[in-house]
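A.B. asks: These protein sequences, in sequence, are chains A and B.
First residue of the first sequence? That's 157 in our numbering, and the numbers climb one at a time after it.
First residue of the second sequence? That's 157 in our numbering, and the numbers climb one at a time after it.
Treat the hints with care, as some may be off.
Stated by the list, open to error - With a cut-off of at most 30 Å between alpha-carbon atoms, the simulated DSSO-like pairs for lysine-lysine come out as follows:
1) Lys648/A <-> Lys347/B
2) Lys160/A <-> Lys203/A
3) Lys648/B <-> Lys573/B
4) Lys585/A <-> Lys347/B
5) Lys648/B <-> Lys347/A
6) Lys555/A <-> Lys585/A
7) Lys347/A <-> Lys573/B
Bear in mind the hints are in silico, worked out from the structure with no lab data behind them.
Protein chains: 2
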Amino acid sequence: MEQKAIKYSDKVQRWGAWEISIQGPDCGNPFTEQWIKGTFSGKSEEKTVKGFYDGEGTYRLRFMPSFEGTYKFRVETGFGISEEGTFETLPAEAGNHGPVRVADTYHFAYEDGTPYYSVGTTCYVWELQSDSRIRDTLENLKKARFNKIRFCIFPKHYAYNLTDPRSFPYEGTPMDCSVLTADNFNDYDEKSEGNHWDFTRFNPEHFRHIEACIQKVMELGIEADIIVMHPYDRWGFSCMSKEEDDLYWRYVLARFSAYRNVWWSLANEYDLMEHKTLKDWERYARIICEEDPYSHLRSIHNCHGFYDYRRPWITHCSIQRQDPYLSAENVAQWREIYRKPVVLDEICYEGNLQFGWGNISGRELVRRFWEAFLRGGYAGHGETLLNPEEELWWSHGGKLRGESWKRFGFLYDIISKVPGHGIAPYDLKWDCVCGVPESEWRRAVKSWYLIYYGFTCPAFKEFYFDDTTEFRVEVIDTWNMTIEDRGTAKGKFRVELPGREYMAVRLTQKKEGAGRK
Amino acid sequence: MEQKAIKYSDKVQRWGAWEISIQGPDCGNPFTEQWIKGTFSGKSEEKTVKGFYDGEGTYRLRFMPSFEGTYKFRVETGFGISEEGTFETLPAEAGNHGPVRVADTYHFAYEDGTPYYSVGTTCYVWELQSDSRIRDTLENLKKARFNKIRFCIFPKHYAYNLTDPRSFPYEGTPMDCSVLTADNFNDYDEKSEGNHWDFTRFNPEHFRHIEACIQKVMELGIEADIIVMHPYDRWGFSCMSKEEDDLYWRYVLARFSAYRNVWWSLANEYDLMEHKTLKDWERYARIICEEDPYSHLRSIHNCHGFYDYRRPWITHCSIQRQDPYLSAENVAQWREIYRKPVVLDEICYEGNLQFGWGNISGRELVRRFWEAFLRGGYAGHGETLLNPEEELWWSHGGKLRGESWKRFGFLYDIISKVPGHGIAPYDLKWDCVCGVPESEWRRAVKSWYLIYYGFTCPAFKEFYFDDTTEFRVEVIDTWNMTIEDRGTAKGKFRVELPGREYMAVRLTQKKEGAGRK
């Protein structure tokens, strides 16, 4: 059966990925020698978008419309074929709120205005595992109610990651991984010996599979925080030339940008990538800004030192904590310095690894989440619990085995009730952390206080705001996930607590609007 | 029965308190108008010492000989009576090692060379409680194996401390304490209204009782870290005049200096004493240096900011942590800055108070102890667990009710086996704390390593020092207080761990002297 030369749909939902495919030449190197681009115009926007070669003579181009209504398009190619036409952008379907944007300086909202409270997890190469493990991951992501997942395009070479991935991003053959052991794998770090790749010819199947995975998490309401580069490499992907890097970046941007749930993480532990310089990172950033027509969120993740999050192209902080003791406790400071959303993507994983970045208890990780959220930041999860299958969520996805993941939905439900887009830290006392609605800074008495006591174990706490404002008082056990109604109180009042760790008190103004000044 | 005019003993043990009493005038104000002093000469020392008026016409003078053998003395008074004679200083009795001194820059040893590892506790006014509570305190101090106790000469006015003490330091009458409530007591802070004291007339009974308590803890092998001033005051003791302060200091020094277990803490939270200036503190320090003939240890305890521990008169840091999250974790830094022993006298107490300085779990306090000791410092305990009797160890002494105190003897036994005077922090890895003997810094491979994993939960750890040194490997559960022998290992070796918090690994060179380089 002959393939139709040009295919596209005549409708798409708002923030959906409209796609056109055109059959073209298969000779030479279409990745470097050919091009496809399109211009789109609707009532409220006009955009020029690049497409990509998808192998076997197929060229594709995708476009994400940001508005409803009729769009005209004109697609051109380097091989003389072009196409014009229109399509209809229908209203967004249920669960589709558009891409996530920065809102109220420190927070996020979907483009339709719905607040987005990031509760992320890290599964570096979950999508490069077997089909059955990928299914497990998706099920567990949903069960845990994560709404962001960080993962890599390149495969991962590291302890517990010595086997080959299901596919590679380039045409060619990898080094023999059977020589690797837990003791010698470091000797192969960021080297390319024994590999034979053509860095000008992508393996479209690798990228098609990742696109399918991006869409699968999208269907679950999960943002795909895509790590485009990383140092955990034995194949030479971390030490390609400038030109090869740029070709890769442009290909990734052409393929993935039209998916509304994409975030760009330029790198994981950028400062460990010894072949890259600050100039390189700034060049990649420029390429993203030029070639992502939708301005998806952009950040970069550190090992030792933060990237300068004040750079204008960075939309939010993507932090790995630098200190083994302090992480979430610094959120308020980081907000002041960077004036952007503070996302703690790595604050030690729940686990029992030999490594200090992967061996805290579930209790401690949940504590760090609460400390981060109550200070107006967002935290990320990861799990590194050893098991006979060596299936470690942090890298492989699969099954969740810990204790912390069960408790983030409870936190999310509480956070999502704060008026406005999120929480601001408020200095009620030095020995607890208190969150108030970001939008209520000007009020003398806020409508909502959430006070968290962390590892301290008070048997009671006393409060005084004013003589007249009436509060509903609730005692929250953040570990056991209970909320106890303690009735209402005003003036000076005392709240009895159980004298154990991980407790919080929520105070909500009884009469909406009371206390405004 | 008539009192003998002059009494003294013809013998005393080394570092004991030899005492002479002389009957003299009872008229006028003997505290300010009279004096008594003595000169002492033995084979190895010559000292001039001041005595004090003890009420009812009795003048006393005490002397602590630092050497064995015959001492000549000559005691003179302002009222024309003098006495000359000799006494024998016998060898120190069992358990008497002399006063504690600084050893090896960061550590302590008794004057006879025995190492002293400080495991302190705080019971601010234990000695001003009832006789039966004092007995309880002494029993519990012994049971918990504390070897230092911090307490005040002046009574304490604070939450949970609203009743009057068993005695006052001055002649006069206190304000009516029945007006005090948990809500209003702050209004009386550092004020003197309603009190009627003669600050030139001490109450000898108050001081005699404290002396008896100093001697009781001495018999238990416990150092008395005496807090001479503090801000928790409703009687005006914190806002006396310069002259009254100096008279007080000289009286305290004359009375207590001859007890070998005395340490001088100039103040608790000196920076909260609003009536005192830095000049005042330096003046008190000068008085101590002039009037304490034995150079007992001297420090001063902070609330917000440290006193400048580099001042030459300060023998060691007496730290209250400034950060709710970090305390013991900073010991290595503080050692570098101050080059003196670092004693963490206040790092939050085990308890459930409403106050952030008194509501951590026993587990967290024990963790802080291990973090401090393994970094070459020393930590102090306190307990603030509410109970129906409102008997809070931190202030009243009495019974220990927590979980941490049971675990310090275990720590002590481990620390006391380190060769030399104590531990130095050694940077094996960023994600654990490792202590080695202070005396072995020059060795490439030390004879003893103690590695503590704190709140991390590794399932195993790997080690490599060199190919030849053989180590005895022990796994220590610091909370459950077990030590598991794992045999010997050399070269690269792996130690299995239970994947839970509060574990440590002790590595001891099998052959003493091997590995010296």
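A.B. asks: Take a quick look at whether Lys648/B and Lys347/A sit within 30 Å of each other, Cα to Cα.
C.D. replies: Distance ~26 Å between Lys648/B and Lys347/A Cα, so the pair holds.
A.B. asks: Take the C-alpha atoms of Lys555/A and Lys585/A, compute the straight-line distance between them, and say whether it is at most 30 Å.
C.D. replies: Violated, because 40 Å separates the two Cα atoms, which is more than 30 Å.
A.B. asks: Holds or violated: Lys585/A and Lys347/B, Cα atoms, limit 30 Å.
C.D. replies: 26 Å, holds
A.B. asks: Would the pair Lys347/A and Lys573/B pass a check requiring their Cα atoms to be no farther apart than 30 Å?
C.D. replies: 47 Å, violated
A.B. asks: Hint check: Lys160/A vs Lys203/A, CA-CA at most 30 Å. Holds or violated?
C.D. replies: 26 Å, holds
A.B. asks: What's the verdict on Lys648/B and Lys573/B, does the C-alpha distance respect the 30 Å limit or exceed it?
C.D. replies: 25 Å, holds
A.B. asks: When you check the alpha-carbon spacing of Lys648/A and Lys347/B, does it fall within 30 Å?
C.D. replies: At roughly 26 Å apart (the allowed maximum being 30 Å), Lys347/B and Lys648/A satisfy the hint.
When held up to the earlier numbered hints, the structure conflicts with 6 and 7 and fits the remainder.
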